[in-house]
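Protein chains: 2
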Amino acid sequence: MQQRAKETRLAVIEGAARVFAEIGYGNASLADITKRAAVTKGALYFHFTSKRELALAVIEEQHAIVLAAGSQIAASDIPALEKIVRLCRMFGQQLLDEPIVQGGIRLTFEASAFQADISGPYQDWINTAEQLLIQAQTDGAVRPDLDPAAFARFLIASFTGVQMVSEVLSSREDVMLRIEQMWAFMLPALISRPVS
Amino acid sequence: MQQRAKETRLAVIEGAARVFAEIGYGNASLADITKRAAVTKGALYFHFTSKRELALAVIEEQHAIVLAAGSQIAASDIPALEKIVRLCRMFGQQLLDEPIVQGGIRLTFEASAFQADISGPYQDWINTAEQLLIQAQTDGAVRPDLDPAAFARFLIASFTGVQMVSEVLSSREDVMLRIEQMWAFMLPALISRPVS
Chain A
0 MQQRAKETRL AVIEGAARVF AEIGYGNASL ADITKRAAVT KGALYFHFTS
50 KRELALAVIE EQHAIVLAAG SQIAASDIPA LEKIVRLCRM FGQQLLDEPI
100 VQGGIRLTFE ASAFQADISG PYQDWINTAE QLLIQAQTDG AVRPDLDPAA
150 FARFLIASFT GVQMVSEVLS SREDVMLRIE QMWAFMLPAL ISRPVS
Chain B
0 MQQRAKETRL AVIEGAARVF AEIGYGNASL ADITKRAAVT KGALYFHFTS
50 KRELALAVIE EQHAIVLAAG SQIAASDIPA LEKIVRLCRM FGQQLLDEPI
100 VQGGIRLTFE ASAFQADISG PYQDWINTAE QLLIQAQTDG AVRPDLDPAA
150 FARFLIASFT GVQMVSEVLS SREDVMLRIE QMWAFMLPAL ISRPVS
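So the protein lines, in turn, are chains A and B.
Going by numbering that gives the first Met the number 0, the first residue of the first sequence is number 0, and it counts up by one from there.
Going by numbering that gives the first Met the number 0, the first residue of the second sequence is number 0, and it counts up by one from there.
Just so you know, not all the hints are guaranteed correct.
Because identical chains share one entry, a pair is satisfied inside a single copy or across any pair of copies.
Unchecked claim - Once the Cα atoms are required to be at most 35 angstroms apart in a straight line, the calculated DSBU-like pairs of lysine-lysine come out as:
id, residue 1, residue 2
1, Lys-34, Lys-50
2, Lys-50, Lys-40
3, Lys-82, Lys-40
4, Lys-5, Lys-34
5, Lys-34, Lys-82
6, Lys-40, Lys-5
If you are wondering where the hints come from, they were derived from the structure by calculation, not from laboratory data.
Start from the sequences, fold in the hints, and give me the full structure.
Here's what the structure looks like:
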């Protein structure tokens, strides 16, 4: 794809993400999206043939954005357990700052409306957390008898609920605080018992 | 309301809940619902004037059903911490068995599609959990320096995520197992440190 076409496609995705984040899948129209993206109807239809296709593209782009930020943390030179904590903070911050992430997450909760299989992104994050937990066990930071697969699943599920309930009860104003509290309440299950 | 009218109203709510649970708010039509509820269009319109009104009634009825089952547990003669654990199991079981609960929970996730304020049910459960945690602190089962409001918020958020991710990844097949794992991972943060 030429640079110009790529930029237009991304502008359409960002405009769509903003519209979906604000009014949801069911209420959004392609007319709203062309207006918000400041593109012509023709430009939108060159890249996407339906609202559903656009919604899937927003979810895909959202996942790519968060994964890219996550890869930087995963590749950094800090202990594995600290990486998991930072990944959660990074995701929380993206929910506050990044329109494509806001749109993608709202669409994920509404995915049944357009028959999208959203299990892939959840599974990706569960796998990432599990690998980091295994590393943290090798480091001695996490107790050796913890089931890393079960805890990874619990962590991703809890994080999903924490950010969702923060959205419902505070329009995400308290999301970073709630993520810190989540970690404070989770750490006792993770840390190695001191040698006595 | 006469008994007959009450029964019809409940039949409409249950039919609506089944349709919403299966295909979601956006895809459901009043025609689907009258068919599923086995009532006439006239009977439906006697009680509800729009799909939105029906969706709000399903959420309200769902919350009433789970609260009623919750009240029995809350009034029973078991320790407060055990009550919280049983409340979560009861809610999980209702998600597996009760069509109105299944419909109500799906609608709760889709609530933005019909501009419903769903903060009330979350706040009710957070308050219930907080009161039980305070009682469990009095009982000596939960450590005295735990912040009951913060933990109650974390618990309800985690539960929300656990059942949601179970739905996405296993169509709720593993929901009871995931609720048990949630408790196993939460207990270390709650329990009093043994006197040394």
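Now the hints, each set against the structure:
| no. | hint | verdict |
| --- | --- | --- |
| 1 | Lys-34 with Lys-50 | both (14 angstroms within a copy, 29 angstroms between copies) |
| 2 | Lys-50 with Lys-40 | both (13 angstroms within a copy, 31 angstroms between copies) |
| 3 | Lys-82 with Lys-40 | neither (43 angstroms within a copy, 57 angstroms between copies) |
| 4 | Lys-5 with Lys-34 | within (18 angstroms within a copy, 47 angstroms between copies) |
| 5 | Lys-34 with Lys-82 | neither (40 angstroms within a copy, 53 angstroms between copies) |
| 6 | Lys-40 with Lys-5 | within (16 angstroms within a copy, 50 angstroms between copies) |
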